[in-house]
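Trainee: The primary structure of each chain is shown beneath.
2 protein chains.
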Amino acid sequence: MSEPAEPLTPEETWSTLQRLLDRAEQESSPEAREAIMETVALFLQTLGPSDTARCFDRLDEDHRDRLFEYLDAESAADLIESLPTVQGTELLEHAAPEKAAAILEELPSDEQADLLTTLEPESFESILAVMDPDVAEATAALAAYPPYTAGGLMVREILAYEQSATAAEVIENLRRRIDEVDDYDVQYIYVTDEDDRLVGVLRLRDLLLARGSRPIRSFMITDPVSVRVEKPLEALVDVFEQRSFLGLPVVDDEQRLLGLVHRDSVDNAFHERDIGAHLREHGIVGGEELRSMPIALRAGRRLSWLSVNIVLNLMAASVIAAYQDTLSAAITLAVFLPIISDMSGCSGNQAVAVSMRELSLGIVKPLDVFYVWRKEIAVGAINGIVLGLLLAGTAWLWKGNPMLGVVVGTALAINTLVAVSIGGSVPLLLKRFGMDPALASGPILTTLTDVCGFFLVLSIASTFMSQLTGT
Amino acid sequence: MSEPAEPLTPEETWSTLQRLLDRAEQESSPEAREAIMETVALFLQTLGPSDTARCFDRLDEDHRDRLFEYLDAESAADLIESLPTVQGTELLEHAAPEKAAAILEELPSDEQADLLTTLEPESFESILAVMDPDVAEATAALAAYPPYTAGGLMVREILAYEQSATAAEVIENLRRRIDEVDDYDVQYIYVTDEDDRLVGVLRLRDLLLARGSRPIRSFMITDPVSVRVEKPLEALVDVFEQRSFLGLPVVDDEQRLLGLVHRDSVDNAFHERDIGAHLREHGIVGGEELRSMPIALRAGRRLSWLSVNIVLNLMAASVIAAYQDTLSAAITLAVFLPIISDMSGCSGNQAVAVSMRELSLGIVKPLDVFYVWRKEIAVGAINGIVLGLLLAGTAWLWKGNPMLGVVVGTALAINTLVAVSIGGSVPLLLKRFGMDPALASGPILTTLTDVCGFFLVLSIASTFMSQLTGT
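Protein chains in written order, with this note's numbering: chain E, 1386 to 1856; chain U, 1386 to 1856.
Derived from the structure by calculation, the hints contain no laboratory data.
Be careful, since some hints might not be right.
Chain copies aren't distinguished; within one or between two, either way the pair holds.
What the hints assert, rightly or not - Simulated pairs of lysine to aspartate or glutamate, EDC-like, Cα-Cα distance not exceeding 16 Å:
| hint | residue 1 | residue 2 |
| --- | --- | --- |
| 1 | K1816 | D1463 |
| 2 | K1484 | D1407 |
| 3 | K1616 | E1459 |
| 4 | K1750 | D1442 |
| 5 | K1750 | D1591 |
| 6 | K1750 | E1397 |
| 7 | K1750 | E1396 |
| 8 | K1750 | E1619 |
| 9 | K1816 | E1639 |
| 10 | K1484 | D1463 |
None of the values given here were measured: they were computed from a predicted structure.
Could you put together the complete structure from these sequences and hints?
Mentor: The structure is reproduced here in structure tokens:
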């Protein structure tokens, strides 16, 4: 088949699922209900993992857990792989430990370890207790490595041979381990010495093209690039960026081979952190939010950030309060305060976006803050002047008061310069001091530009009050 | 070697480079200058591609072009691969057509096509004119496929054999083509019939484990999954999500094998569009911005978006202008207007971020807008009440006026509900009508919540004016 058959639309899938679940609910005989639930599980297994994930997300918790019981371990493992980690963990916690253990054994070892580390400690223990003791031990060891390090991202499934083996012996052994080989998605075969120390790497195609009697030592790639088990994610991203490997062997400090870290896992982990940063930038903190989560949790997490923000806002507003008399005397200024606040925020955010992008491309580093600032003020000056003139002209024409135009235009021009300076530099400064550039740029930027903008408008206005009000 | 030697810090690299370039400049003899530039090029080739890219970004255009001349075609190709496309294109346009052609021939065919399509038409023609005619023809054909389709993302480098060939014949042929095989990063070998139609796929490991006399037809995977050359990016992402292939063969409508699309290319293209969306969301429109670009271009692009925004802001501000008398009578309200505007914007942005995330995870679809809205108003109601009470209490304590608290608290509570409703739904609605959800959510959201927020504060205030001012 070259293209999969036309699937149900997402809405059709969802309504079919609901119809089936309703039927199961109305059924009084337990056997019939059982039969329907089994049918539903079969139906779900015919869908792609992303459709299944979407249906599971929309089900209520009760239906979700019950339906999950009817999936076989393999389908359940596929589903868990395509669900966000929080939901996968929840399903495993609610399942029987035997079922959870069977599902975990279907997953690659890095996914196992990820899920285990996010489980509640008591679920973690009870699942490990019913797993195959060898697997349990190895999995627990893997789960003990910190996440976002080579150890936390590696898989244990790896093919390694001793260097004195011949090509024919390796091929013969691979033939016997064909099932395992199929599961591993093999790209490289590793070569070790008698002490399990990594000494080389073998490409499948070289093995394919070598004469059978040659020892693998003679055509392996020696001095293979490897990474230490404690290497952090950022350093892994750099290594993979500089070299086009699909995976790298992971070794301990005596060069013993421990596992394999895939380029994909590194990319995904990096992307995951990126998404976290993007959500935090918009005020979703405390972990990923899905609409299927309990309302109180979602509201609470969003509020924790909003209430910090309200305090920052009050600080900015106190500048207005301090100049209340000025404002009273020239009430039209009140029309322009929100404009200056919003426009400066936008200009600053443009600079933040460019800095974040250049940081992620690696073409600026936290130490380049002065270089960035110099580049940014040139743009800030031009845009400040253009926007200031625009707003000044508008204010003059609208309210018939040229001095009003001078006041708000000057304030916007200066504040644009301030906003791009802050917006361009703050992400680099935060990164330099080990803080998350995404989280803080927004509120810091907004508060600072608001305080400065309000102060500029109102202090300039109070200086030129007589010209402004014509008295 | 297991870990690369400690490299220079980015700052050391940059200052070394500058020192070398300064020396070249001061040198009066052309031969000596030549020698220094060659040294600089050698020095650059010892750096990783990302450090080289960073240095190139910081050089001025003149130095960049001159230094680029001294890189050999292979290093130049590596550099181009790690630079943002805009910069790579510029370097090629400034280089001699022969040099540019030599560099392009070092790149994989999909990168070639990408670069060629972004070149100015005259550069495109003059480079093609000096390329090997066969390569030029094939590259031009590839460049003609629309970007973000299977054709635009595929590579032509692919290994294919006729189905009657035996395992031994294929291995023998691979041995002869070893250089080519090395370049291709081979994962699969494709099998065709006598009319070049795709009939199967061969895994390297199966070839490795098969007896030499067997025709490949007998152990190939039949009915291979393939994608049509016109398949769009989104559909490719779905296919790769549902199946764990590293690459898929691309065929025309008669099932003839045209090329191979790599999972990486699809992921990168998708990520590229995502980044574009993220930049646009923050007001960087008209393509990627790098700080090394000319200031006028950067300022102009940012202004094009800011000037739309200023018009939207004026619309929102005209609500305040309409209630200027109310504001005059209760000037303290002016302190709270920016708070309500900013807080509602934040609440709305949280909802936008969750919707964008759920859209990208595929767990909500554009048609789910009613479901999303229902889920969002529950959170909006809770957070609106909490934030409203907070602001009401603050206003009362700060200004000693309980009625002021009632007015601003009620306005914030209602406006939070409005903001999350808009924020949650607008990205889905935009996507449904084929528009970019990232671009419009920000300005649309801000304008609507500002208009609504200002109107709520000021209309409630004017209704209860006598209680508010105690007159």
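Trainee: Taking the hints in turn, state whether each one holds.
Mentor: Now the hints, each set against the structure:
Proximity of K1816 to D1463 under the C-alpha cut-off of 16 Å is found in neither arrangement, the shortest distances being 37 Å within a copy and 28 Å between copies. With identical chains, the CA atoms of K1484 and D1407 are never at most 16 Å apart, being 26 Å at best within one copy and 69 Å at best between copies. Taking identical chains as interchangeable, the C-alpha atoms of K1616 and E1459 are never at most 16 Å apart, the minima being 32 Å within one chain and 30 Å between chains. In this assembly of identical chains, the alpha carbons of K1750 and D1442 lie at most 16 Å apart only when taken from different copies (12 Å versus 40 Å within one copy).
Within a single copy, K1750 and D1591 get their C-alpha atoms no closer than 40 Å, and across copies no closer than 46 Å, so neither meets the 16 Å cut-off. In this assembly of identical chains, K1750 and E1397 lie within 16 Å of each other by CA distance solely across copies; the values are 13 Å between and 50 Å within a copy. Taking the closest pair of Cα atoms, K1750 and E1396 come within 16 Å of each other only across two copies (9 Å); inside a single copy the shortest separation is 47 Å, beyond that limit. For a Cα distance limit of 16 Å, the shortest separation of K1750 from E1619 inside one copy, 13 Å, qualifies, whereas the shortest one across copies, 33 Å, does not.
When the C-alpha separation of K1816 and E1639 is checked against a cutoff of 16 Å, the pair qualifies neither within a copy, at 33 Å, nor between copies, at 53 Å. When the C-alpha separation of K1484 and D1463 is checked against a cutoff of 16 Å, the pair qualifies only within one copy, where the shortest distance is 14 Å, while the shortest distance between copies is 49 Å.
The earlier numbered hints that this structure contradicts are 1, 2, 3, 5 and 9.
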